[in-house]
Amino acid sequence: DSGVTQTPKHLITATGQRVTLRCSPRSGDLSVYWYQQSLDQGLQFLIQYYNGEERAKGNILERFSAQQFPDLHSELNLSSLELGDSALYFCASSAQTGYNSPLHFGNGTRLTVT
Amino acid sequence: GQQVMQIPQYQHVQEGEDFTTYCNSSTTLSNIQWYKQRPGGHPVFLIQLVKSGEVKKQKRLTFQFGEAKKNSSLHITATQTTDVGTYFCAGIKAAGNKLTFGGGTRVLVKP
Chain A
1 DSGVTQTPKH
11 LITATGQRVT
21 LRCSPRSGDL
31 SVYWYQQSLD
41 QGLQFLIQYY
51 NGEERAKGNI
61 LERFSAQQFP
71 DLHSELNLSS
81 LELGDSALYF
91 CASSAQTGYN
101 SPLHFGNGTR
111 LTVT
Chain B
115 GQQVMQIPQY
125 QHVQEGEDFT
135 TYCNSSTTLS
145 NIQWYKQRPG
155 GHPVFLIQLV
165 KSGEVKKQKR
175 LTFQFGEAKK
185 NSSLHITATQ
195 TTDVGTYFCA
205 GIKAAGNKLT
215 FGGGTRVLVK
225 P
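Going down the list, the protein sequences come from chains A and B. Once you know that position 64 of the first sequence is 64 in our numbering, the rest is easy, because the numbers rise by one and skip nothing. Once you know that position 104 of the second sequence is 218 in our numbering, the rest is easy, because the numbers rise by one and skip nothing.
Bear in mind the hints are in silico, worked out from the structure with no lab data behind them. Nothing false has been slipped in among the hints.
Quick list of in silico lysine to any residue cross-link-like pairs, SDA-like style, CA-CA up to 25 Å: (1) B/Lys150 x A/Arg110; (2) B/Lys165 x B/Gly217; (3) B/Lys150 x A/Gln41; (4) B/Lys150 x A/Asn107; (5) B/Lys224 x A/Gly42; (6) B/Lys212 x A/Arg26; (7) B/Lys212 x A/Ala56; (8) B/Lys150 x A/Leu88; (9) B/Lys173 x A/Ser2; (10) B/Lys165 x B/Asn185; (11) B/Lys150 x A/Gly58; (12) B/Lys165 x A/Ala95; (13) B/Lys150 x A/Asp29; (14) B/Lys170 x A/Ala95; (15) B/Lys212 x A/Asn100; (16) B/Lys170 x B/Arg220; (17) B/Lys171 x A/Asn100.
Take these sequences, add in the hints, and give me the full structure.
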């Protein structure tokens, strides 16, 4: 158990809809990262937050947004969903803002857009 | 932008044999991390390499960071069925702020 909690585990929704994915980092970790993994593909970095502030941005679509709350949990909002958004979305946390500490991944949320 | 390439994409290994997977970056890296993702699971951190030419071992796994800090390798000896999974390298370029993952090497073990 990595200590990172993601909900829900599975999400099935229709095109054009909006969903929210939630992540609670490991106790004490201030950084939260979001990654997208399409079927049998690598991990695409979306966005990173540190202690409530955005720190780095990857290939995140304008239809996607995220935030980190004062209690350090994070939410990833996906809107105007398209079939191609179907993927496994991972949240990871680390103790620091830099990359000298390892990332601890949650179990992911599998999103299916129909 | 920074690219991290892994080869091979797939590795079919006979149980008991050795194999190596390689990770190559288009830019010099400040450090490199390796993760393993079991089928249906999430990536799990294995190790981090920071120094040029660094070599670290974890039981049957040997990790190496290239002298130029642009490539890395993972060598597994006497492969076991428990080694099945996808191995990802991830690097951050010097003075960078994004951890870029390679595409992974999917390892299949034949008993």
